[in-house]
Amino acid sequence: MSEFRTEASHGYSVQFSPFLPQRLACVACQHYGIAGSGSLFILDISTHGLKQVTRRSWGDGLFDVAWSETSERLVLTASGDGRLQLWDVTQPGPPLQVYLGHEREVYSVHWSQTRGENLVASGSWDGSAKVWDVSSSECLFTCRGHEAAVYSSMWSPHIPGCFATSSGDGTLRVWDIKNPSFARLVIPAHTSEVLSCDWCKYDEHLVLTGAVDRSVRGWDLRQARRHVFELHGHDYAIRRLKCSPFQRSVLATCSYDRSVRFWDFAQANPLVQTIEHHSEFVCGLDFNLHIQGQMADCAWDEMVRVYQPACLSPNT
Amino acid sequence: MDRLQVLLRHVSPGNGSLPGKDSMANEIASPMSDSDVVVVHGVQTPIGRAKRGVFKDIMPDEMLSHVMAAVLKATGLPAAKLGDICVGNVLQPGAGVLMARIAQINSGIPESVPIYCVNRQCSSGLQACMNIAGGIRNGSYDIGLACGVESMSHRSVADPQSIGDISAAAFDQDATRDCLLPMGITSENVAERFGVSREKQDAFALASHHKAARATRLHLFQEEIVPMQSSGVLVEEDEGIRPNTTMETLARIPPAFKENGTTTAGNSSQLSDGAAAVLLARRGTANALGLPVLGVLRSFAVLGVPPAVMGIGPAYAIPAALKKCGLSLDDIDIFEVNEAFASQAVYCAEKLGIPPHKLNPNGGAIAIGHPLGCTGTRQVVSLLHELRRRKSRSHGVVSMCIGTGMGAAAVFEYPGH
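Going down the list, the protein sequences come from chains A and B.
The working numbering puts the first residue of the first sequence at 1, with every later residue one more than the last.
The working numbering puts the first residue of the second sequence at 1, with every later residue one more than the last.
Just so you know, nobody snuck in bad clues.
Here are the computed distance ranges between Cβ atoms for each label pair:
hint, chain 1, residue 1, chain 2, residue 2, range
1, B, ASP331, A, VAL228, 38 to 44 Å
2, B, GLY195, A, ARG55, 56 to 62 Å
3, B, CYS179, A, GLY59, 54 to 60 Å
4, B, ASP2, A, GLN273, 31 to 37 Å
5, B, ASP2, A, THR47, 40 to 46 Å
Far from chain B, some chain A residues (derived; all Cβ distances over 12 Å):
hint, residue
6, GLU3
7, LEU20
8, GLY293
9, ALA310
Source of the hints: derived by calculation from the structure; they are not laboratory data.
For clarity, every value in this text was computed on a predicted model and none was experimentally measured.
For each residue, glycine too, the CB sits at the ideal point set by N, CA and C.
Assemble the whole structure, with the sequences as input and the hints as a guide.
Next comes the structure, spelled out in structure tokens:
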């Protein structure tokens with residue numbers, strides 16, 4: 001396992017680069033994101049552990065990060081002052097672009113996963129999700145409907161122009177940019193705030209939600225009246241969930257209970273492994289697309305960790 | 001701070017605090033300590049109308065022993081474990097110490113458990129809770145019972161002997177003479193000095209009745225009221241609520257205390273009979289005994305105000321109590337401010353900027369009644385049960401003005417499901 005200390009900064013989100021297997025981006029905030037500034041760390045995994053490639057600052061907390069899918073140099077961050085920042089990691093100094101539009105904290109940013117587009121989805125506490133065109137720097141659509149903060153906005157890896165949002169209003173909504181004024185689907189997923197959602201990478205109809213009620217639920221978009229499974233194990237709210245890029249029914253969750261858990265919803269006992277290597281809320285986690293079995297996570301204890309959980313090694 | 005609020009919402013404590021100390025996660029999750037004073041459970045009798053109502057022939061010790069027995073039965077706590085009992089009462093001689101001891105024994109609590117009474121006028125019921133909390137905090141005992149009871153059918157504020165023995169010097173200066181003012185006159189003073197119109201007072205009274213009637217209709221009080229037998233009838237609901245009150249009927253009621261005044265019987269609290277009881281414990285002891293936590297006491301403030309306008313008490317006591325526990329007005333989800341008179345309740349709410357939907361959501365003393373020594377305890381019971389109905393972690397305030405010029409306020413936290 002390798003680790004990096006985001007000095008005096010409390011980690012909020014982490015993502016491996018889609019281009020470079022050894023590279024990851026992490027955003028962290030001063031003062032747990034409640035006040036103060038934010039930092040973007042670009043880190044490389046080397047034989048000597050995690051090394052900082054560059055560090056950038058922003059005047060408000062940075063809550064999410066998304067690598068570009070078209071250029072290995074570009075990365076987006078989402079901040080507490082309602083903006084998005086586009087950074088070139090090879091050029092020190094201020095961001096290349098700053099996107100204005102959201103009226104409150106932006107908690108989620110995600111680059112579209114399907115070919116032929118250069119779109120970004122953001123989710124904000126102002127209750128809206130926005131779709132941006134990075135090449136023209138404009139906000140193409142504002143998707144309204146959620147009745148509370150939007151915590152998560154994630155593009156489908158299968159269906160072009162389609163993304164899901166999860167919100168403090170307890171719903172999961174699916175949007176189609178061909179008709180962005182109304183959500184295609186509104187699913188009352190939980191009776192508590194839904195802090196995270198993600199798409200199954202092997203089943204285009206399956207979306208997962210993680211909520212303050214400590215449960216993960218799976219939703220089949222073709223019949224969303226009832227969840228298809230529910231996972232329990234965390235002791236506090238689920239802060240983020242990510243579906244494995246390698247195994248159909250595997251996912252990872254991180255929680256305010258300070259743990260990271262791995263699940264296989266195809267098994268009778270779905271909780272496969274619990275990792276407790278943080279002493280504060282764990283807010284970010286990601287699977288490495290290039291190295292099967294490698295994970296990164298970050299937490300409010302200032303630690304970014306890269307590791308290979310036993311349950312993910314290819315020979316299990 | 002808004003972001004902190006969002007985070008606090010996400011973290012409702014599960015089965016106790018996170019393991020390990022000294023972490024931000026722990027701070028945000030639940031600033032809990034074994035030495036916290038917690039409310040385990042609380043109940044009340046229905047509140048009856050004095051003199052002509054359902055409990056006119058019931059003695060205060062009967063109402064008191066009814067709630068004492070009920071709260072212990074509901075929690076399953078063996079009564080011998082109680083370290084002390086404090087009963088709030090105003091009108092009985094000696095604040096009811098003899099009556100209370102008899103009630104205790106009749107309720108089945110062994111004579112090995114001590115009991116005493118407290119009188120801080122309209123706040124006596126809340127003061128009883130604070131006294132027991134104090135005994136827990138100073139290590140005298142781990143569990144105690146706080147009660148409040150009043151029979152205004154049998155005793156009256158206007159009884160000449162209720163004044164007691166005071167020297168003639170009481171009449172020499174305004175400040176002491178003002179202590180002898182009838183409460184209704186202090187209400188007129190507040191209405192005049194701070195410009196609270198008759199219409200505003202009547203509208204407030206109307207709202208109290210409507211909210212209380214709605215709560216009764218929806219059976220919201222079932223958790224907290226323990227029905228009581230009286231003259232062969234089982235009384236289950238508060239008697240004083242008038243669901244059919246209108247602005248017109250209120251407008252027809254003449255001023256009760258002063259010619260051309262604005263305070264009437266319709267926009268004042270009712271004279272009532274009732275009792276309530278609250279079981280308090282040290283959190284560590286509650287956990288060890290497997291007792292639930294209905295609420296956590298976070299702070300208390302009591303201070304003095306000019307006797308002539310005693311009704312302004314909450315406007316000063318509430319900010320003082322909030323400051324002590326580091327919360328702001330916005331952090332509070334429900335304010336139980338005793339409706340001694342609509343004039344002072346309206347004044348206090350407006351002065352502090354309490355949003356109407358947060359103020360006495362299930363009605364107050366104008367509709368329900370104000371059995372003097374019981375009220376403070378009843379407000380604690382009502383507040384915590386309503387916070388529990390709403391399920392999320394939240395905070396509430398209980399406050400009241402106090403005759404002879406004081407105000408008291410306590411902040412409670414409901415830990416969430």
